[in-house]
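From the two separate chains plus the hints, produce the assembled complex.
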Amino acid sequence: MRDDSRVRAGRALRLALLIALALLFLIPFYLLVRNGLAAESDITSPEWTFFPSSLHWGNVRELFGDTSVPYARSLLNSALIAVATTLGTLLLASLAGYGLARIPYRHANKVFYAILGTLMVPAAVTFVPSFVLVSSLGWISTLRGLIVPTLFSAFACFVFRQYFLGFPGELEDAARVDGLGHWRTYWRVVVPNSRPVFAAVGTIVFIGAWNSFLWPLVIGQDRNAWTVQVALSSFTTSQVVRLHELFIAAAVSIVPLLVVFLFFQRWIVAGVERSGIDD
Amino acid sequence: MSLRQEGRRQAIPRQRGSRQGGTARKWAGVQNRTLWFWIFVGPFLLGLGVFTYIPLGWSVYLSFFDAHNTVTPSDFVGLGNYTAMLKNEAFTDSLWTFLVFSLFIVPATYALSLALALMVNRLRHAQAFFRSVFFLPAACSYVVAALIWKMSLFNGVRFGLANTVLGWFGGDQIAWLSTTDPPWYWAVIVTVRLWLQAGFYMVLFLAGLQRISPTLYEAAAVDGARPGWQVFRHITFPQLRATSVAVVLLLVINAFQAFDEFYNLLSDARGYPPYARPPLVYLYYTALGQGQNLGLGSAGAVLLALIIAVVTVGQAKWFGLGRKEAQ
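Those protein sequence lines, which keep their order, are chains A and B.
The numbering of the first sequence is the numbering used here, which starts it at 1 and goes up by one.
The numbering of the second sequence is the numbering used here, which starts it at 1 and goes up by one.
Calculated directly from the structure, the hints in this document are not laboratory data.
Just so we're clear, the structure is a prediction, and the values are computed from it rather than from any experiment.
Be aware that a few hints might be false.
What the hints assert, rightly or not - Not close to chain A: a few residues of chain B, all C-beta gaps over 10 Å, as computed:
#1 F40
#2 W58
#3 F76
#4 T83
#5 L103
#6 A146
#7 I174
#8 T180
#9 T215
#10 A219
#11 F237
#12 Y284
#13 G297
Said to hold, decoys possible - Looking from chain A toward chain B, a few residues come up when the C-beta cut is under 8 Å (computed):
#14 S5
#15 G99
#16 S253
What the hints assert, rightly or not - Beyond 12 Å from chain A on every Cβ pair, some chain B residues (computed):
#17 P107
#18 P137
#19 D223
C-beta: ideal position from N, C-alpha, C; glycine also.
If we strip away everything but chain B, and leave its shape as in the complex, we get (with noise of 0.2 Å):
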């Protein structure tokens, strides 16, 4: 690295004061990198900083103002609309939600993904096959998949495909989406969402099994351990450690951004149910439905960036992700 940085220094005054003047030559020159770094880096950040930063920080000041329908408001309410937030029954409901989606859908995606992943890698002909075949669903979009599964799968009147093979083995037609006792719309709402992306953590999981050296497993068999669930739990497993942290890691940061299946799903020219209401389309419906209530939306969208803030990092912490980059 020092070796490098030291052949730079010769090079960039010869090459720049052949043509360029004084002043440019000190901007531009041995000591200042920094003017082309900000060239290389400035409009990146510059865009960062108008399209998030200032959107995050306008997001607070508007939490304390009652703003309807205005982006200019002048009604200061303090914490009035945090307070309203936290006591509003439907906002804490769809925190419940989230966590509810979330508890079914982070461990079986990470199960099946996981799974496939296991078994192609152990396949020694077709593996490309298989592997497309399961990330195929990582090209449809939500709005798609929804409408395969609200329109023809999980149909709720009398025809679909879910219903008519309930109807083989004799079983009743279901309204999947409508029936609340028992909850059958979650049973679409997972299902959607773990077809389209288990495939993408599929892969994560093969570049995790790849990088396992083939001397552990060689290791494990004079040992005597049995190939299979031995030689899983004992070598693949622990070796899977890295990559099983950041699946679920972005297994739960995705479940909080769940929006467009919800959506898609469950609203219909009727509106939307009062069930199943995950954070962001409670959100959607209070800032942007009838009313335009922006100092509240901001208000949950902040509460909601603390709460995956204070997730995500404790989540870090207990699995020791910082540990690792101090390295």
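Chain A extracted, bound-state conformation (with noise of 0.2 Å):
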């Protein structure tokens, strides 16, 4: 009897820690759209209040209209930037991991070591080498530049050769008796049937694109080029900002992300689970 109350309390308990813990986790989402709806007086206040005096719609119309910021313009280069990256990405990596999980070839291994050291290299190291291949090539900001070196993630590649081991061979020998060869086997086949593992790489790629900042910052040197990322680090440098104009940006920017994160959640947890990183 004493036990069980022990764990009924000891349940309690954590559940307690659990939602305080979850309040703590929302509030910065809570404080970006407070700020991004409060008239600017309310920021800067010195009395700091929890709820903003009112709310002012109209501050997201402001953002829009006003001409010394291109923030409409950065966020049609992320959104072509993002979805060009995710597809890109997911066409060149999945299919070099099945060609290195599924097609027998002598050297398959070596090829596979030589993309997984490139895991080894973060990324960020090489944006010094990777900035100075892309000015020779003539590609500062352009979208060719902030889009093609970003397409060959060894991360995917790696994803897709862990998931493509274990696909049954029952299904490829099905369509090869029917003529198919590794080409229609592989889009008629492979990928009809493998739509969660496309869903959480996708998902996690276009969230990364969207997020990214260094490689938008070096490259996009033209506003015209900005992505939102550089579009709002570049408000909270400058010294005239308008705050409230600067969180309804912020606001704005992540309403894509929480809508294709929301949506795809489930499989972003399942690709994390089935990626074998942490195998």
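So, in structure tokens, the structure goes:
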């Protein structure tokens, strides 16, 4: 009996702790929206209050009407880059992952280790040399320069290879009996049966592309090539900044991600679990 | 495996032969899966070569030259850039910054994400809800998070949530980002990353927890182990070893790449303060700031890559990762 009540007390304590932590984790999101819809005076008020004195939905209109900030353009750039990067990465990495996992070739392992080795060098360390290469190609401040170099994700390739290693061979054998070659087997049998892993990798790549900062900062030197992250950052480092505009811009910038995130969340979790990175 | 390969060997020539001529068959036929391998893997490998291997090689090349503002330098300086970099206090300071940063962030993230996973894993209801809440910050960018931390939570002037809460308890206002003694800026930098990444590592631990066989817990109960600390210490924690190793490795590598939050929290219209510059921030200003010293920047990048490689390999050896892969 005594044990039973202790277990119950423990459970209640744990739940209380979880709720407190959950609130703590949600506060930053609340602050983002609160400040985004507040008046400038509410944000800079010496008396900080939990609720702003009034809500200003007009802040959104003001943000897009402000011609001194290329915000709409930066959203468009980010959307183009994120979509192109996601589609391109999925195509290239899944093909490579399939080839490495399922097409017997003498040197496949060497090729695999050459790819895996690049994971050891964090992408951020190569930003100086990559900048050098992209600038000598004349791709500075172009969408090409922002997209193409990021398409070759060794991580995505690795996840696809691990996944395809466990792909049931019977399906491919059946396709082979029907007279399909590697190419058509891949597109007609393997891809349609692998939707969850494509969704998982696609979501992770999309979020990464939308949120990436260092590469767009380095390559997008012209204002017209700014991504939304670079645009936001340039607000925070400038001296003349209208805070409510900055916050509403940041809030708007995470809306597409929240939609993608909430919609595909279970696949991200499944993808992380299946990727084998914790094996 | 061998059975399946036999099956392929018979099926492929029949199908190829009916559509293509002799030379093509020789390439794509029985023994030449090579061609198909390269059709699948080639484009990816080519891109990786152009955008990773060539830049790396070019960087090594540039690091031996005096390359201001140019990618085709002519002034060979040998190891000069390297010695200059190693003697440069700003660069070695940046390595210390990284060390301090990782000493805070790696254990903190490890402990928080493991604790979250343990608590969420034992929930009977609302598991998905709590998992989503803790994972949600992963969708937020460092730029946005840094903005919230800098302009709203830890605002240095009289407003801001942290100072307001401090005021309730009668504490003094703190200029969080510009106080170097004591270095309050670390509280801001560490909490922003902790908030952003704990949920992701919690998911890794959740996956690890779900792989532990329930029979182990049953056996422990039979042996009289008390649920709670004893079970955690003797069953759960040892069973999470592989996950723990991966998490620590990823945390250290990610800490090495720290750039976004430092840059967005600390730099302003006046530039970057002389403290709390991790290696990438320093390299960014060296290579792409005023003067564009690409030779020096490249030497720093090569040094950093070497350090990361040594740390990663050392860590993997230490944890016995290689042994596991060899099996």
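Evaluation of the provided hints:
1. Once the 10 Å rule is applied to beta carbons, F40 (chain B) is inconsistent with being away from chain A; the minimum gap is 3 Å.
2. With a cut of 10 Å on Cβ distances, W58 (chain B) falls inside the contact zone with chain A, its closest approach being about 5 Å.
3. Every CB of chain A lies more than 10 Å from the CB of F76 (chain B), the least distance being 17 Å, so the non-interface label holds.
4. Under the 10 Å C-beta cut-off, the non-interface status given to T83 (chain B) relative to chain A holds; the minimum distance is some 18 Å.
5. Against chain A, the non-interface label of L103 (chain B) holds: every CB pair exceeds 10 Å, the least being about 19 Å.
6. With a least CB separation of 7 Å from chain A, A146 (chain B) falls inside the 10 Å interface cut-off, contrary to its annotation.
7. Against chain A, the non-interface label of I174 (chain B) holds: every CB pair exceeds 10 Å, the least being about 14 Å.
8. Look at T180 (chain B): its CB is around 20 Å from the nearest CB on chain A, clear of 10 Å, so calling it non-interface holds up.
9. With a closest Cβ-Cβ approach of about 20 Å to chain A, T215 (chain B) is found to remain outside the 10 Å limit, as its non-interface label requires.
10. With a cut of 10 Å on Cβ distances, A219 (chain B) stays outside the contact zone with chain A, its closest approach being about 20 Å.
11. With a least beta-carbon separation of about 15 Å from chain A, F237 (chain B) lies farther than 10 Å from that chain, consistent with its non-interface assignment.
12. The beta carbon of Y284 (chain B) sits about 8 Å from the closest Cβ of chain A, which is not more than 10 Å, so the claim that it is off the interface is violated.
13. Non-interface call for G297 (chain B) relative to chain A: violated, since the shortest CB-CB distance, roughly 5 Å, does not exceed 10 Å.
14. At a threshold of 8 Å, the smallest CB-CB gap from S5 (chain A) to chain B is about 15 Å, leaving the interface hint violated.
15. A cut of 8 Å between beta carbons decides the hint on G99 (chain A): the least distance to chain B is about 3 Å, and the hint holds.
16. At its closest, the beta carbon of S253 (chain A) sits 6 Å from a beta carbon of chain B; the interface hint therefore holds under the 8 Å criterion.
17. The non-interface label for P107 (chain B) is consistent with chain A: the shortest C-beta to C-beta separation is roughly 18 Å, beyond 12 Å.
18. Under the 12 Å C-beta cut-off, the non-interface status given to P137 (chain B) relative to chain A is violated; the minimum distance is some 7 Å.
19. Residue-level check passed: D223 (chain B) sits 17 Å from the nearest beta carbon of chain A, beyond 12 Å.
This entry does not satisfy hints 1, 2, 6, 12, 13, 14 and 18, going by the numbered hints stated previously.
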